[in-house]
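Residue-level listing of the chains:
Number of protein chains: 2
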Amino acid sequence: MSPLSPDARHAMFTGARTANTFDDTPVTDAELTRIWELARWAPTAANSQPLRVLFVRAGEGRERLVKHMDEGNRAKTGSAPAVAVLAADTRFHEHIPAVLPYKPQLKDTFAGNDALRSGTASFNATLQAGYFILAVRAEGLAAGPMGGFDAAGMDAEFFPDGRFHSILVVNIGHPGKDAWRPRLPRLAHDDVVSWA
Amino acid sequence: MSPLSPDARHAMFTGARTANTFDDTPVTDAELTRIWELARWAPTAANSQPLRVLFVRAGEGRERLVKHMDEGNRAKTGSAPAVAVLAADTRFHEHIPAVLPYKPQLKDTFAGNDALRSGTASFNATLQAGYFILAVRAEGLAAGPMGGFDAAGMDAEFFPDGRFHSILVVNIGHPGKDAWRPRLPRLAHDDVVSWA
Numbered sequence: 065m066s067p068l069s070p071d072a073r074h075a076m077f078t079g080a081r082t083a084n085t086f087d088d089t090p091v092t093d094a095e096l097t098r099i100w101e102l103a104r105w106a107p108t109a110a111n112s113q114p115l116r117v118l119f120v121r122a123g124e125g126r127e128r129l130v131k132h133m134d135e136g137n138r139a140k141t142g143s144a145p146a147v148a149v150l151a152a153d154t155r156f157h158e159h160i161p162a163v164l165p166y167k168p169q170l171k172d173t174f175a176g177n178d179a180l181r182s183g184t185a186s187f188n189a190t191l192q193a194g195y196f197i198l199a200v201r202a203e204g205l206a207a208g209p210m211g212g213f214d215a216a217g218m219d220a221e222f223f224p225d226g227r228f229h230s231i232l233v234v235n236i237g238h239p240g241k242d243a244w245r246p247r248l249p250r251l252a253h254d255d256v257v258s259w260a
Numbered sequence: 065m066s067p068l069s070p071d072a073r074h075a076m077f078t079g080a081r082t083a084n085t086f087d088d089t090p091v092t093d094a095e096l097t098r099i100w101e102l103a104r105w106a107p108t109a110a111n112s113q114p115l116r117v118l119f120v121r122a123g124e125g126r127e128r129l130v131k132h133m134d135e136g137n138r139a140k141t142g143s144a145p146a147v148a149v150l151a152a153d154t155r156f157h158e159h160i161p162a163v164l165p166y167k168p169q170l171k172d173t174f175a176g177n178d179a180l181r182s183g184t185a186s187f188n189a190t191l192q193a194g195y196f197i198l199a200v201r202a203e204g205l206a207a208g209p210m211g212g213f214d215a216a217g218m219d220a221e222f223f224p225d226g227r228f229h230s231i232l233v234v235n236i237g238h239p240g241k242d243a244w245r246p247r248l249p250r251l252a253h254d255d256v257v258s259w260a
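Residue numbers (my numbering), protein chains in the order written: chain V, 65 to 260; chain R, 65 to 260.
These aren't lab readings, by the way, just hints derived from the structure by calculation.
There could be a bad hint or two in this list.
The list cannot tell twin chains apart, which means a pair is met if one copy fits it or any two copies do.
[Claimed, not checked] Pairs of lysine-lysine, DSS-like flavour, derived with a Cα cap of 27 angstroms:
id, residue 1, residue 2
1, LYS171, LYS241
2, LYS131, LYS241
3, LYS241, LYS167
4, LYS131, LYS167
Just need the whole structure built from these sequences, with the hints factored in.
Encoded structure:
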């Protein structure tokens, strides 16, 4: 039996849409913190939790961000009440003794294997980006995820020591006027699902 | 305001755990299809939807699967009522004219740029894997995601034409005896979240 009410299923999955405009209702720091407080509990490999979240409010920080967005994403990113830059921590393994106390030596395994460390960081931060988008919705807010930005420029701007690599930018707010484009079709069951 | 009840927040995020054992309650094909029917609606770049799902029931298919799992994952994967192999479709762009009808020419952009196509496939399929795990929970089932398997062996076994690349294996069922290990700590707010 689903633990979600029909309204919750609609808000989280079946009726949720990527918002392209936002109204003036502010998004508070407490709301943004609550998004992270939900998303943080979903699972990652070896409890690695490589996702890092930079919340960018309106003002000077937003101007620094918008210039790295693709042209078509600038207006909406400039006007969203809040924006999250999601990034992967390439040195997440430094936290392993704290987050995986029964196997602290995994820190050294990651330290000695760049390909494993980098693959674990990207894959698990991206899984967590999926959780994060659904957590935005779970807080009653609309999410507008965007991959269209200059990642190298964004990293140089906000993460100049090279440790974090930005993977996704998510506008967060309450939907405004004409927020929704017509819904795009999803693939048919048999194009996606098979059985063995 | 959150569209989720306190029970739903608990079931989806704050109280959900990775199950390591499963009881004998079957998981029906209808339940598995409903997981996909929820997860399919969450967003992907250019509506690309590269995730593919192979549901493996008990029996001969499961035997073929278990032998590619890491040693420590074999017992639980063998005994789960259902298992999903999640994969990225490296030729997802063939569906672009159907899923992105206002920009069908993006198919050719992806066809001519292997790095862009492969990056889009992995990143978005992984985001969708995050949605999928939460959709399992939204159907009232426990998910047990595992990265510990021989991906090349799995692909040769189930996707021999080379088109799909497996990214994650997820056990699905109702929690059994001693299903939960002690909960591992999550990173502190200030280790993850920053503000600009």
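Against the structure, the hints come out as follows:
1. With identical chains, the CA atoms of LYS171 and LYS241 are never at most 27 angstroms apart, being 49 angstroms at best within one copy and 31 angstroms at best between copies.
2. In this assembly of identical chains, the alpha carbons of LYS131 and LYS241 lie at most 27 angstroms apart only when taken from the same copy (24 angstroms versus 54 angstroms across copies).
3. Taking the closest pair of Cα atoms, LYS241 and LYS167 come within 27 angstroms of each other only across two copies (24 angstroms); inside a single copy the shortest separation is 51 angstroms, beyond that limit.
4. Taking the shortest alpha-carbon separations for LYS131 and LYS167, only the inter-copy value of 25 angstroms comes in at or below 27 angstroms, while the best intra-copy value is 43 angstroms.
Checked against the numbered hints listed earlier, the structure breaks hint 1 alone; every other hint is satisfied.
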